[in-house]
Amino acid sequence: MQDKLDFFIKSKRIPNIIFHGEPGSGKKKLLIDFIHKIYNYNKEDIQQYVMFINCAFGKGIRFIREELKHFAKTNIHGQFKSIVLFNAEKLTVDAQSALRRCIEQFNFNTRFFIVTDDKFKLLKPILSRFSEIYISSPKKNTVANDEFSLLMNQLTPNTIMQMATIMYERAFSAIDLENYVLHECTTQKYKWLMYYSKIKREFRNEMLLLYVLLYFYVFRTEISVNLFI
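Position one of the sequence shown corresponds to residue 40 (the numbering used here), numbered consecutively onward.
Since the hints were made in silico from the structure, they are not lab data.
Certain hints may be false.
[Claimed, not checked] FRET-style restraints, in silico, Cβ to Cβ: (1) Glu143 / Gln118: 28 to 36 angstroms; (2) Lys82 / Leu194: 16 to 24 angstroms; (3) Asn218 / Arg52: 14 to 22 angstroms; (4) Asn148 / Asn184: 29 to 37 angstroms.
By construction, the Cβ of each residue, glycine as well, lies at the ideal position given by its N, Cα and C atoms.
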């Protein structure tokens, strides 16, 4: 699997790719490592040429037609752009149809990468335009959870922005933070979860949402949820 991805890079013939498999199998980490290799670990290039989208947060046909299409059609010199869609199975049928048209229109300068737990929820015309990589689950389903826990252990009032940036760059999302909080043995988690449920659909910027949620996680004992309602 890794040899196959390395071959794509060495041959400079990178296709659109679907990474699919069970939750926690390491799909996101594999893709993020692949993206870093494509752009030679250059953070500036990654920020400029890569768009990360979490489709679990109400990304409908309007988002595909406007923001995704705008990013894909902007001019670049030399390097191709990459659009990464996490939880793509959450897209509506209309949004998937719009995505298919974007793939057809911008395939000359943009590569599309999809991460999904269930590829069969994607339209067949989309599947036909992608190479597929299946990631089987490890014996212990903790690849992503362990990495996220290590990052959370580094979270302090002074590292909130840094951790939000690192989590975003490593393809973690508010859903990963929600799962982390759910496993806490503290009554404070319910305060955070109530806050999360009220604001998650108000944000279209994934990294900003992560920052706000991490901030509230750190200071939740001091902040009233009513301030955000």
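Status of each hint after checking the structure:
Look at Glu143 against Gln118: about 21 angstroms separates their beta carbons, and that is not inside 28 to 36 angstroms. At roughly 21 angstroms, the beta-carbon separation of Lys82 and Leu194 lies within the given 16 to 24 angstroms, and the hint holds. A beta carbon spacing of about 36 angstroms between Asn218 and Arg52 contradicts the range 14 to 22 angstroms that was offered as a hint. Separation of Asn148 from Asn184 is about 36 angstroms and conforms to the stated range, judged on CB atoms against 29 to 37 angstroms.
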